[in-house]
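Enquirer: Top line first, the protein sequences correspond to chains A, B, C and D.
The first sequence runs 1 to 384 under my numbering.
The second sequence runs 1 to 619 under my numbering.
The third sequence runs 1 to 590 under my numbering.
The fourth sequence runs 1 to 342 under my numbering.
Derived coverage of chain C by chain A (criterion: at least 3 residues anywhere in the stretch with Cβ under 8 Å from a Cβ of chain A; other residues may be distant): (1) 359 to 373; (2) 382 to 393; (3) 397 to 410; (4) 426 to 438.
Each computed DSBU-like pair below joins lysine-lysine, with the alpha-carbon atoms no more than 35 Å apart: (5) D/K197 to B/K308; (6) B/K584 to A/K115; (7) C/K16 to D/K140; (8) D/K253 to C/K122.
Derived by calculation from the structure, the hints in this document are not laboratory data.
All C-beta atoms, glycine included, are put in the ideal place defined by N, C-alpha and C.
Okay, here's what each chain looks like letter by letter:
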Amino acid sequence: MTNLPDGRYVDDTPFDATANIQTLERQDLDAPAWLLVWRKFRRHRLGLVSGIFLLLCYMILPFVGFIAPYTANERDSDYLFAPPQSVQWYHEGDFIGPFVYPTVAEADLETFQWKFVTDTTTPLPLKFFCQGESYPLAGLIETDVHLFCAPEGATIFLWGSDRLGRDVFSRILYGAQLSLTVGLIGISVSFVLGIGFGSIAGYFGGKIDWVINRVIEILRSLPELPLWLALSAAVPSNWGPVAVFFIISIILGVLDWPGLARAVRAKFLSLREEEYVRAAEMMGASSGRVIRRHLLPNFMSHLIASATLSIPAMILGETALSFLGLGLRAPAVSWGVMLNDAQNLASIEIYPWTAIPMLPIIVIVLAFNFLGDGLRDSLDPYAD
Amino acid sequence: APPLPPLQESSFWLQEVERGDLPPVAERIPTSPLVVDLEGRGRTPGVQGGTLHTMVSRSKDIRQMVVYGYARLVGYDHNYQLVPDLLLDFESDQDKVFTLRLRPGHRWSDGAPFTSADFEYWWKNIANNKLLSPAGPPDFLRVEGQMPTVTFPDETTVVFAWDNPNPNFLASLALARPPFIYRPAHFLKKFHADSADSAELAAEVEDARVKSWAALHNKLDNMYKFDNHRLPTLQPWINASSGKKIRYNFVRNPYFHRVDPNGVQLPYIDIVEMEIVSAGLIAAKSNAGEADLQARGLDFRDISILRKGEADGGNYKTYLWGNAVASQIAIYPNLNYEDDAWRAVLRDVRVRRALSLAIDRDTINKALYFKLAKPGAMAVLPQSPFFTEANRNAWATLDPDTANSLLDEAGLDRRGPDGIRLLPDGRPMEIVIETAGERQEVENALQIITDDWRNIGVKLVMRPLDRDILRNRVYAGSSMAAVWYGWDNGIPQAYTSPDYVAPRQQEFFAWPKWGQYYQTNGAAGEPPDMPEAIRLMELAHDWEMATTTEQRSAIWTEMLAIHADQVFAIGTLAEAPQPVVVNKALRNVPEQALWAWDPGAHFGIHRIDEFYFDPNGSD
Amino acid sequence: MTPLLSVRDLTIGFGKGPDVVRNVSFDVMPGQTLALVGESGSGKTVTCRGILRILPKVAQIRSGRIMLYGRSGEVDLTAISERRMRDVRGDAVSMIFQEPMRSLSPLHKIGNQVSEVLWLHKGASEREAKRLVLEKFERVGFPDPERAYGSYPFELSGGMRQRAMIAMAMVSQPDLLIADEPTTALDVTTQAQVLGLMKELQKDTGMAMVLVTHDLGVVANMAEQVVVMNKGRVMEAGPAEPLLNAPAHPYTQQLFEAAPSIPAQPHLAPALPEDDLILQLRNVSKTYRMRGKSAWKPDVLIHACRGVDLNLPRGKTLAIVGESGSGKTTAARIALGAEPPDAGGEVLFRATPDSDPIAVHKMDRAARTAFQKQAQMVFQDPYSSLSPRMRILGALTEPLDIHNIGTRSERRDLAARRLKAVGMNPDMLQRYPHAFSGGQRQRLSIARALMLEPALLVCDEPTSALDVSVQEQILTLLEEIRDRMNLSYLFISHDLAVVARIADEVAVMRQGLVVEQAPPDTLFYNPKHPYTKALIAAQPTPDINRPIDLKLVAQGAGSPDSWPEAFRFSNTVIPSLMQLEPGHKVRCHV
Amino acid sequence: MAILRYAVYRFGTMLLTLLVVSALVFLIINLPPGDYLSNQISELRASGQSAGVAKAEFLRAEYALDRPLYQQYLIWIGFIPGPQGFSGLIQGDFGWSFEFDRPVAEIVGESLWLTVLVNLAAVLFVYLIALPLGVLAAAKSKTWVDYTSAFVGYLGLATPNFLLALILFYYGHKYFDLPIGGLMDPQYEGLPMSWDKVKSILIHLIVPTFVIGTSGAAAMMQRLRANLLDELGKPYVETAIAKGMSPPRMLIKYPLRMAFNPFVADIGNLLPSMISGSVLVSVVLGLQTIGPTLLTALKTQDQFLAGFVLMFVALLTLMGTMISDVLLVLLDPRIRYEGREA
Ligand SMILES: Nc1ncnc2c1ncn2[C@@H]1O[C@H](COP(=O)(O)OP(=O)(O)OP(=O)(O)O)[C@@H](O)[C@H]1O
Ligand SMILES: Nc1ncnc2c1ncn2[C@@H]1O[C@H](COP(=O)(O)OP(=O)(O)OP(=O)(O)O)[C@@H](O)[C@H]1O
Ligand SMILES: [Mg+2]
Ligand SMILES: [Mg+2]
Ligand code: NI
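Bound conformation, chain A alone (with noise of 0.2 Å):
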């Protein structure tokens, strides 16, 4: 560098004047949108993790009836209300594998609870690849191979056994088929109409905006109390409670949507306004393609973090409204059911693992929580 004598600095570095027009990156250029966010996602280790482990917990599904070691309704009348039993691995400071003692109910009529007395002696080692009760596997073929069953004589409750002695942790399998599908159907009706009739109230506005209001208006107005009432005297009788219970599901999301169409209607009257929507449309976008490409990507955050939110609601859901026979019920199995099966106080005080199933709802509910979150997050762009 110079410094010049009035004071100047001046820089000495060759300078070339064309030198900022470099040669263009083509396979960045290529990638598509998807690859993009799919890049900066898995920069987000929470999401990334979560992502996987929901994907995990989908792809067994059709799968659980091989890992539960019992089926869902499986009866063992002399467990009833057995505690979580853990799996050993030591006998007296020997190493001989996985291995449970095997236990003994006893009725206590002054407490009126079981008391289960475990024989230390005798390590039982549980079996693996082993034939227990049949259960169609992937829905389709019928088998009774199961990957590890309880010894005999002795019973492998990992997480304790119901009223009817019937395991907790299969169950909790089982209940995840239902608890992970049916319900979240009622979540994609009402995205879909709430979406669709929010944005068109909200970019159109005017008449469009007013009908489309007025129908919310009487929607939620309308009391959906006796609606559920004539239908729980109107379903078939021979339904099964899933056929039921979708039906179910479906109206509940047809019911729900007016809550997110009022939200995302305010937010694009709002964002109609915005100069880029007003450039776009000088371009000739058409409606759908302004509501697609430039008014719903800013909006995806609340959407993302509405869906997350219904997940618990929709999980739930499915017995809230058992009290008037239209929830889920026994013989089926989901997490809501057993949940239901743990109101009462004797399944907080006494019997706390028939309230396990609050914890796969939990964990899946954070899982789809940070997996909007890391989704939200690389969908953002000033976060890069």
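Fit chains B, C and D with the ligands to the given chain A structure using the hints.
Expert: Leaving out everything else, chains B, C and D with the ligands in the frame of chain A:
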């Protein structure tokens, strides 16, 4: 009558008495009060005072105070014998003429005398008033279509007379929900068009925002609902709360007619505080020691938590009483089901027997009742003279093989690919059982029965409904089978009307339409068309005509045998323990007893007015 | 003498990328002005933001020290806690952001946002603050400060918003004012007024100033010190006088050469042909309704445009210049059908010489789509007109996508080419709009408008944020396209030199009215209207020896009532536009 | 002025909608076959209680249940005179509850203030908890504050209300001596308001508020956080920082206001959804709110009672949406409800 013991003034009303607002106790009780025999029943005399807390789940349940209080003209004693209570005594002439004698000097809770005029007012101005009772006097007074002649010879005598016997008359008066054949005339007259000043009445009608005097009268005249605190009563406690509340207070009736041998006027307890609590919280609140006497809303499954509360230093004990319903969980195949093919199947006694035989009652007992209930068919309990082991065990021991062959015999021998039997028309044998989704036991039991029935090729589909919806569906014949309790009265005596074991009541879910037919005199429903049912009808009628206990007993025995043989309802378990939470300081509560609605009025038969708080506190 | 601010070896980078500012050092003396000039995208804004530590989350100050010797002694702005930084911001050092349209909260009234500074740092009461703010508003040239105080940002013109921003930075009388291109959106008279105000403040309070600008004329008139930046590095720095007179660094030289100016000699051009008009505005007026101050006050009517008549012949450039807030943008938007004119106005567009004109203000859907393919707009505020969640690639290809032109890769290639044409690097295609410098965004906006190769382009101050060399490049590009494809421009600008260079005809607007209209040479050498005269006088030149008298110029033509009788107009009496000579119209009474 | 005009216009629309809703409500209530009285009559007749039958028959005529449906509707609203002249909703006569045997106004009046109280407490709880936490979670996103609040929120969401109530009651009673159920200590019942009574009510409200409020709070918190995070990168936030605002103050004044838009839109739903959401909670917690009353009224087809409660909820909903529409305009001055030429 034995001489009256010296009477003691209650401290609760002492102030009022001293102020002169209330006469002293001697003037308040009848000249010949009911002196209760405590020692004879192993009870101890107590002291007055204290507040008893208890809970119910709906605000209309404050009428439980009329039930628990159990002051009846005649009532059951602990041996289920009818004894005079409000009445000094009664006479029955071949069940045709009943002479009821009142206690001289007996007063309503507001101090007005309780006399035959109160009966007369009811009979003439209410039962026979076209506006208040357009259909005339209540049905239990109708014998072979004829109403009694009712006379009121003097202040303390009322006579009901028929040409034919009315054996049910006295028992009706002792019901948990009795027909009040007397009303506080001095109070109600002010609101009756026959007696009141029409201008004043019009003003009252206006005030109450009702549309006619009859509506007003109806509104005020609620002896059973017990929600009008102005209405005088004869019960041990009077309602001291007006309006809709969360807690209702009932204070001792200063004119109550019972006294203990020491001259202490009953009830011992000054105040009963009844709290409206959600059904699901009753156990939690009991566990927290917020109830002094509680059985309603508690269930077998709550015992463990109650016991735990006791062990953790609770101020209560949990007694286990026996439940008097004939079956805790009973399945009623609907013999009036609207589907023809199914109805034919359900009407086949072999099918019902097979279904009953396939149920593993011991497992249910173990899973739900700690093996403490008695497995068996729907039959009366040992406390009833008509109890037999044979009836209890009829078609109720686990025997899937016999069940299978019975079904095969019944023409249901074809099976579908999944092993489910097929009806003659080819439909699978899926029995849809509807329940009032309120009790988890039912759901659990049905879960077990589902497995049991699967063994005999029958598929059970459970469908929980709202209680009211369930009832309407059953009554309409659109429900294939339903679950409910067994007969409320599992301990019938010879004098108990056998209405409820005959096809006379739609409330017995196996024959809703036959019941309606009888109850509506043929206006609705359909007449019984199965020989056994027709026989039951005849027997019920015979019982009404019978004149001796022996005849009635024989009729009862035969009817119960028909039920045992025909399995109209499939019973599972009976006599499950009913937890009763009792404050440790509360005395005279029997440790062993039956929890029954009728006869018994729950606590009523155990004379809750004799319970007292031991001033020395808990033992 | 100790400097007020001393920046040493400042290096800033984004994420894992290379440094965008490298080893920048400079000192600012109290009471003096340091001008930061340089190429668009060279890191001027980033440097300024670095001083106040208002950088995007992903940016890091990689090295360097920033010392402030202010009221509270010596502090190292890179090291102090966030808490103490808060006291510095807005109080000791305040900043005017480059893009005022985006930098104001859309939901709060201007007055509220501006007075907030006073509440925060001076603990002023609401009334007191309002008084001070209104005073400042008056000084920055708001014709109606009260209205501005109660307006929302979207109700103001670009220049007005910028002035609000300036007022916000100056009300608290900071020690140091960092002004990032504070006058880009202002017409020259207003600019003069604002600059004058700044100078005055400097004199009164000893305020120092870092002035980022691309306008060498402004540098010449304002700065004591100059720092020239290119590609994140300081090319040349030193006192203004020698640097302007004899630039030493080749980049500086190149920069100065590129500066446009109003040509010295008029060569009178013939009046424009009036036969093949691509766009015609006939008697276009626009009245906005501003919500009353409270629910009970009646709405205020604002006449943004009043009876504007403009004709744009095919292949020509019609420039609009005029006072900030005079309705230029409004007229442009109406011309493109983005807003309907008041009843009675007509906008006619002829796609080809022989087709029937379509009425832009009442088109059906199909006509609109066809029209939009032909007519594009470069927005005054490029930042707002780019969806914040759409990558630039998406934004650039969107017009093609909409009109279904080309395949995916063709579109992408075209986007890359256009980007290169406006002097930017195609590897930026995957960035989001916020990750650009102000000038880069402006170029993006131009690139996007050119994607469809339209027949009519409305440019609303397309080069205001560009340094002269890039501006030169862009203007050349525009001219080249015009000549190649017979494109027509409606060109709004406040830079008369640019207008002189590109326009075939110029309309001068004031208060919603066109006051004078003529070919540029006629206009610049024979201005008739007092406002036009004032405008031309106010144009700063990059010659440090010929400073303009900011005070004098700032008065501009003054308010219309102070004009000679012939030109005077009021709200009710408006003289009509008279043709003085062929192609030269002036609004006057004859 | 424009806002005032809009508000008036919106109010008119509301009345119109209310009318439509009232017709629909009436229709829905009358959809199940029969009515309370005829059901009651057949039941009473069946069980031989003829006294009741008469009363029911007599009420039937009195309340015009023997007229055609559309007339019943008009009488109910008060457009045409009933047997006793004009006495419909618009005349302030809410009808008669057959089930409770009392005027509807009397029954509803009691539980109405309780409903409003419980729900207001819940709404307050939602705002008091969710607002600061949501802002905090956004400001400190990806820190333990964020994670903890999300976890607690989802815990509340993922626990069935009744179970949550039971747990809170049980342990609250055991360790903090909180009351189980009820709305105040018995000694205060029927007494005029006093400080002690208020305290007692507040203590009793802890668990119900928590139970009803958690799901709302969690939902609001998470969505607020997401919306706020979106705003935090915007340039106007930088401007605010450049002014030297403290982060909390800045967050609350600028981004929060932007992020609030979807919530303002949902104000209309807040109260009604809490009311219907609290039906079940009230049923299980034994709160004497309007929810359980509605449920029984519907089940027993106690039509005037059900109708009134439903109309009340509808009115709340409609007022809510109206308020939210007006608030939206106030919140965001750019919002216009005019249509755009598509
Ligand atoms: N968030 C960001 N992420 C990555 N690069 C950025 C980001 N913001 C700015 N840049 C880059 O940093 C460089 C310097 O930007 P800066 O805004 O300082 O330019 P400038 O000198 O102010 O230009 P102009 O005169 O156009 O405003 C530019 O090349 C720009 O693309
Ligand atoms: N949406 C609106 N609501 C109310 N007033 C508006 C609105 N848009 C513009 N205006 C007003 O209209 C007038 C003209 O604005 P316009 O944007 O056309 O000015 P301009 O000539 O482009 O100014 P600049 O050079 O500062 O951008 C201004 O007074 C402005 O406040
Ligand atoms: Mg810049
Ligand atoms: Mg403009
Ligand atoms: Ni108490």
